[in-house]
Amino acid sequence: MSTPYQPRPYEPSDVQRERIAYRRRQTIRSVLLSALSTLVVGIALAYAVTGSPGWERVKSSFFDPEIAREYLPDILQGLWLNIRLLVVCTLAALLLGLLIAVLRTLRGAVFFPVRALATGYTYAFRGLPLIIVLYVFTFGVPGLRLQGMPSVLVLGGAALVIVYGAYLAEVFRAGIESVHPSQLAAARSLGLTYRQTMRHVVLPQAVRRVTPPLLNDVVALQKDVGLVSLAGPIDAVRAAQIATAQDANFTPYIVAGVLFVLLALPLIGITDWVTLRAARRQSAGS
Amino acid sequence: MLLSCQNVRKTFGTNLVLDDLSLEVDEHEVVALIGASGSGKSTLLRCVNLLTGIDDGVIRLDGEDITDPRADPDLVRRRIGMVFQSYNLFPHMTVLRNVTLAPDKVHKRAAAEIRDQAMEWLSRVGLADKADSYPDRLSGGQQQRVAIVRALVNNPRLLLLDEVTSALDPELVGEVLTMIRGLKDDGMTMVLATHEMGFARQVADRVVFLDGGRIIEAGPPSQVLGDPVEPRTRQFLARIIEAGRL
Numbered sequence: 001m002s003t004p005y006q007p008r009p010y011e012p013s014d015v016q017r018e019r020i021a022y023r024r025r026q027t028i029r030s031v032l033l034s035a036l037s038t039l040v041v042g043i044a045l046a047y048a049v050t051g052s053p054g055w056e057r058v059k060s061s062f063f064d065p066e067i068a069r070e071y072l073p074d075i076l077q078g079l080w081l082n083i084r085l086l087v088v089c090t091l092a093a094l095l096l097g098l099l100i101a102v103l104r105t106l107r108g109a110v111f112f113p114v115r116a117l118a119t120g121y122t123y124a125f126r127g128l129p130l131i132i133v134l135y136v137f138t139f140g141v142p143g144l145r146l147q148g149m150p151s152v153l154v155l156g157g158a159a160l161v162i163v164y165g166a167y168l169a170e171v172f173r174a175g176i177e178s179v180h181p182s183q184l185a186a187a188r189s190l191g192l193t194y195r196q197t198m199r200h201v202v203l204p205q206a207v208r209r210v211t212p213p214l215l216n217d218v219v220a221l222q223k224d225v226g227l228v229s230l231a232g233p234i235d236a237v238r239a240a241q242i243a244t245a246q247d248a249n250f251t252p253y254i255v256a257g258v259l260f261v262l263l264a265l266p267l268i269g270i271t272d273w274v275t276l277r278a279a280r281r282q283s284a285g286s
Numbered sequence: 001m002l003l004s005c006q007n008v009r010k011t012f013g014t015n016l017v018l019d020d021l022s023l024e025v026d027e028h029e030v031v032a033l034i035g036a037s038g039s040g041k042s043t044l045l046r047c048v049n050l051l052t053g054i055d056d057g058v059i060r061l062d063g064e065d066i067t068d069p070r071a072d073p074d075l076v077r078r079r080i081g082m083v084f085q086s087y088n089l090f091p092h093m094t095v096l097r098n099v100t101l102a103p104d105k106v107h108k109r110a111a112a113e114i115r116d117q118a119m120e121w122l123s124r125v126g127l128a129d130k131a132d133s134y135p136d137r138l139s140g141g142q143q144q145r146v147a148i149v150r151a152l153v154n155n156p157r158l159l160l161l162d163e164v165t166s167a168l169d170p171e172l173v174g175e176v177l178t179m180i181r182g183l184k185d186d187g188m189t190m191v192l193a194t195h196e197m198g199f200a201r202q203v204a205d206r207v208v209f210l211d212g213g214r215i216i217e218a219g220p221p222s223q224v225l226g227d228p229v230e231p232r233t234r235q236f237l238a239r240i241i242e243a244g245r246l
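Going down the list, the protein sequences come from chains A and B.
Quick note, the first sequence lines up with residues 1 to 286 if you use full-length UniProt numbering.
Quick note, the second sequence lines up with residues 1 to 246 if you use full-length UniProt numbering.
Please note: incorrect hints may appear among the correct ones.
[What the hints assert, rightly or not] Partial list, computed: chain A residues near chain B (C-beta under 7 Å): (1) 185; (2) 190; (3) 196; (4) 198.
Keep in mind that the hints were calculated from the coordinates and are not lab data.
Just so you know, even glycine gets a beta-carbon here, dropped at the ideal spot from N, CA and C.
Next up, chain B with everything else stripped away, as it sits in the complex (with noise of 0.2 Å):
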């Protein structure tokens, strides 16, 4: 088991956001959290990548408490890659400088290699030759696929997805979920909250759907999105047909 989340608890204020909550995540495995807006996937998201503390429970990554106020947070997150649904490149830095910084620096490795990785990386996502622009000068599909190879050059353990597809426009949804597809054949592990149901359906082994910080139900793909259980999940599943995004 890669990550565990055992009974987290997170708080804003008042607002309770995760309540005693439990996930595992294997090796290989790929889960994407469904859930309305506000119902704790991104949190959660944000607390395995330590960008916010919890206020109870565990979260383990390969058996190592990451939520010990005396674990190092720079040395778990050089383990983790996060994309955000926003890209978040740096507007000051070329596409090849904002994938090759962090090799460079946190993993200090040397600058050839970095530069082939980061090429060749850049090239299996069709964006060689937008290695020298500037991220204002590129779609924001393109932008987004520049911030997943920036999480990827890192060799992560594990990737998070922040509804990485949310900001698009629709006809540039599919080269970024094509990639993702792609990630998932190369067998690395990755927990991604999402609104693409389709999507979820297809690239995931297991569906999260929450509800008020708690898991309402999880399970396989076609159990979870053809066949709920639970009523809320119904529910939930029903709005989303009706808005015609399934």
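This is chain A alone, in the form it adopts within the complex (with noise of 0.2 Å):
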């Protein structure tokens, strides 16, 4: 007998067709507004480049097509080492770190010097400059004339996961105690031991909460990877080095700076779009 529900047809009051085409103009003033003073400022910025006395001399010196196109190769090369060793360090530093923060964690007095080291590490990895810490493993390391002694490109990545690992175990830490203690009371009162509770219910909740700063942490060690050319392995910056001081030209500088943002986006691109899903997620479920 009923008939299906039919909502009333709507028309926009007058008051309300106002307000639309009100808006639409706003809109339209605001786009051609935004395009006029891109342009102006684009203008400016170009005309002050290329209008400045030098300018000629830093083109051919830096932007130098040529050059770029010779070099190119052999900075592309010194990437492939910034990339393969990025690939490890990240997932090596983001193990070590998540161990760090899990076992700074743990209570009990058996753990005492397990917590402390792992403090300790944290303090003092985060404390001391890059640089230090690979010239120390890099030419300090061998000199102890071991027997199996790996690569200085080995002891120059190991060095960087040691100095991210501090870096990104405070951040898995900062996960771990966001997890509010109710969570832990709940799990715990399922019977659940301390080891289930953080492996089901804590860390997989960390983790994503924290997903956002571990990625940028990435992000800032991709550049950093390249400090390893200090002890000798040729990286994209490196080979840009060499390839100046062949020509006296800083143009390869600039395509190792071009490949190196390239090569950054789509780190950056995701971790944009993680944050925003995070965002998106925790409004959601507020």
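Using the hints, build the complex out of the two chains.
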């Protein structure tokens, strides 16, 4: 018998129509304004740079397409080292950071030395400049002349992992501490052990929450992996430096810089996307 | 006797929360703890579930001293279910996973059997269609019913309910209380801290009035709520009536 619910036909009122028209006019106005101001600023910048007295000289010593083409293969080869080092060091540093963060949460007398070591580690290596750690690892450690000494590249990678592990450990710890104690109480009341509670309840929530800052540190690491070249291995920046010395032209640096930005873009994009998604989830949850 | 608390004392710093408190609960009995905020109701439940230690006294479950430092708290908690005021569902897990986590990881039961039991419980409380939803898609009343199911699938000997309706909108309280009434009919032993006097009257075999960490008065609901002997109980109930909650 019952007829399906039919909403009454809706026609915007005069007031509402007038408001819609007003908002449309405003939107068009602001789009035009922003286009105009962008144009003005762009022209002014271009004029200031190209119209400067030294522009011709700078152009030939920083933006020489010939030289860029000549040294691109060398720089790309160096960049390949950066990429490999980045992937390995990121994974190792994330694992180390997570491990240290979990060790720092352990309670109980037995774990005191573990806890103290983990805490001391994060304090020391967040304070130490990366370059000093790199020098100690790549120049100091081989000096021990131990058997089976790994290559300078591996030692440099280890230095990066140890320094970044300390930062990432603190990010993970912040995530762990951000999980509300009531979640622990609920998990323990179900009979889950401390370990199970960490594994199934605390860590999944913590990692999700700190993914944006973690990725941010990975972007920073991407730039710092190049520092291993201080100890010998040739990365993109070092390759550019060698090329610059050969021709007394700085173009290779610009090439390397552009490549680094291109390399960072996807990672930065992912970071933004994850951050946005986390924010959306949180607002949906409240 | 299933649960027995003898001369339990609990302090937070200089604050005496449970003062020489003794309480016994028989199997299949439902005991309602009433009293003002800070009277020790929630603390008593947390002590029974060993979420917080006690400073003196003995708590026994099935005759076993669970407050003995040599007892394994994880083994004790497996036999006790607890439901919290703010539900405390795990937000990163679906409703079904929230319910099956403990039977799977703690009780190591077969996956199919756990699933069947969980779905049976969820259907019984009208939430079968929410099994694959995440908690943030559920209303407070639905979340609280899931939290109760999560405690029940472990087949606990004793269920502790800590002001399970206090965070709910008034029109959602009924669905949770109906569920608890059903559990009483099943014979579940329950200790519940509550501000719902009407509900305590309906569902409890015994009402215990706490004040300052002590039991002031205990007895059948009709007596404690209808004809209290102690002046402090009367005072408390008068304030409740004034607030329109009885």
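Quick rundown of the hints versus the structure:
| no. | hint | verdict |
| --- | --- | --- |
| 1 | 185 | holds, 5 Å |
| 2 | 190 | holds, 4 Å |
| 3 | 196 | holds, 5 Å |
| 4 | 198 | violated, 12 Å |
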